[in-house]
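Residue numbers for the sequence shown follow UniProt numbering, beginning at 1 and rising by one.
These are computed hints drawn from the structure, not numbers from a lab.
Certain hints may be false.
Claimed, not checked - In silico SDA-like pairs for lysine to any residue, Cα to Cα no more than 25 Å straight-line:
no. : residue 1 : residue 2
1   : K121      : Q309
2   : K218      : A495
3   : K218      : D544
4   : K329      : P355
5   : K329      : A296
6   : K218      : K261
7   : K338      : N94
8   : K297      : N327
9   : K438      : D313
10  : K204      : E268
11  : K218      : S256
12  : K438      : P516
13  : K535      : P170
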Amino acid sequence: MRPRLGIIAATAVLALIGCSGGTPGPQSEKTGEAGAPQSAQKAEPEKAAEPADIDSDDFADEAKEIVESFSDDELAGSLIIGTWSGTDTQTGVNLLKNNNLGGVIVMADNLPENPTPDQVKSVTEAVNASRSKGQPVSIGVDQEGGPVSRLGTGALPFPPLMALSATQDPELTQTATKVQGQNLTDLGFTIDFAPDADVTTGEKDVAINVRSAGDDHKAAAEVVAQAATGYHLGGVASSAKHFPGHGRLHVDSHESLPVSKKSIKELEDTDLLPFKSAVKAGIPMVMMGHIGLPDAKTTPATLNEKAYQSLRDMLDFDGVIITDALNMKAVDQSQSGKETVKALSAGADLALMPPDSAAAQKAVAKAMKDGELKKSDLQKKAQRVVAMQLATAETQKAMTDDSGGGDSGSGSDSGPAGSEDPQKVLTDVAEKSLTVLKGECAFEGTDSISIVGGSEKEKSELTKAAKDAGLTVDSGGTSVSLSPDASAEVAVGTAAPWTMRNTSAQSAVTAYDSNPNALKAVAKWLKGDLRASGKLPVDYDGSDKAPDCS
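Generate the whole structure from the sequences, applying the supplied hints.
Set out below in structure tokens:
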């Protein structure tokens, strides 16, 4: 049985890091397991369950009963998370219902430009109304924070994981991801494909960089464990990605197939540590990455049986394994559903975003009829998936009961009874993550600034933040550059810290992101009212200029 997510994740991480040679019990983001979930008789509790105490193992019997009622077509579809194009939600609903899909993922192009929380909820409510034989519908989203924030203005603005790591505050990381999970729960989502468990190599890492907690595998493992616990407490099923680790690869799997120089076994004590810590913390799902391995350079791990077996055996993971999006160029896009058959055959429990979800469902059903896929194996996969769905639904119900049935306001500052104030948490993260790259931890302060470089949106946001902080913005103030190429007295980074490596400014900070809270922290630092205390989670050429302000 997997550990309860209510445990303090840091304890699991310390045990993981402090013990060499032991194999921790794993749990990961976007992949599935080949074995059946361990059964646990679901007892009727004397009182309402606490969200932290709800686990998918408790729903094994109920899931088995639901799956046994599936027709072959329903079984085939239950193992697919589909996607659709455009803002017509009914297209997505029809896709799900007509092909008996286990769920869908909502992408940015399924929403209007600059969506409101209510517009996001209208999509998830329409999808959620499509239920079949007691199986909850999975409604997923890629909402890591920072550069991977598919909901835009429809959700709270969160920074990337590297910013949380820079705070050096495990409790704040857990609280922040709990708040993010609550926000997504309120918006109607059941899955967030986060956190990113990859360990970055810095500036050569074109796909992950700030999405990672950093380049230290032990430190990243602690951050990932705290995030996994926070997401669960917030009500969403999270998924550690991209096994066995994309951060050291210098090819983006959206465009081509990256190949690891090291085997999964050789990565066990480094890149796998964040995945191990996530599993120990009780994460329900791990995502398999599109990554070639030394003995299978032309086959992505998502279609590689040995990769799935390594995840099961080395991490002792018994949760759901999901593929990375199968519509990415690292996978052959001309297979008309066969890519999904291959993924399930290799060991995936869920196929994410096949190029053609309808064709994928038909291909799986045919493969089952022809004996290429065993029905009993697919039923075990579906049982794991449905158990996770039922546990998530029960967790969200418990949260609603605890809050008296109230709405946390999605994108607003309000929250359920007893919960943290989202805006305060976002402010704390922004202020504690602000990291000095050059100069002094506490800026001498100014009353006026002029802004150069950067996008018009960033300049507009910093102007607003500066004025709110009591600064004037005019051509005669302290010059502040949002670009390493523009000459100024102060440089402000809003992306990976190494992007400001060549700035000529005497003082430089990075906020890791350009969301409003991050730029408010910058403005407060410029005024002299905030000492930047963030610590760089990654080393790069030039990072030695950064003072230790932590």
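To see whether the hints hold, each was checked on the structure:
| no. | hint | result |
| --- | --- | --- |
| 1 | K121 / Q309 | violated (38 Å) |
| 2 | K218 / A495 | holds (23 Å) |
| 3 | K218 / D544 | holds (21 Å) |
| 4 | K329 / P355 | holds (10 Å) |
| 5 | K329 / A296 | holds (17 Å) |
| 6 | K218 / K261 | holds (21 Å) |
| 7 | K338 / N94 | holds (22 Å) |
| 8 | K297 / N327 | holds (19 Å) |
| 9 | K438 / D313 | violated (45 Å) |
| 10 | K204 / E268 | holds (22 Å) |
| 11 | K218 / S256 | violated (29 Å) |
| 12 | K438 / P516 | holds (23 Å) |
| 13 | K535 / P170 | holds (13 Å) |
In this structure, the earlier hints numbered 1, 9, 11 are contradicted, and the remaining ones agree with it.
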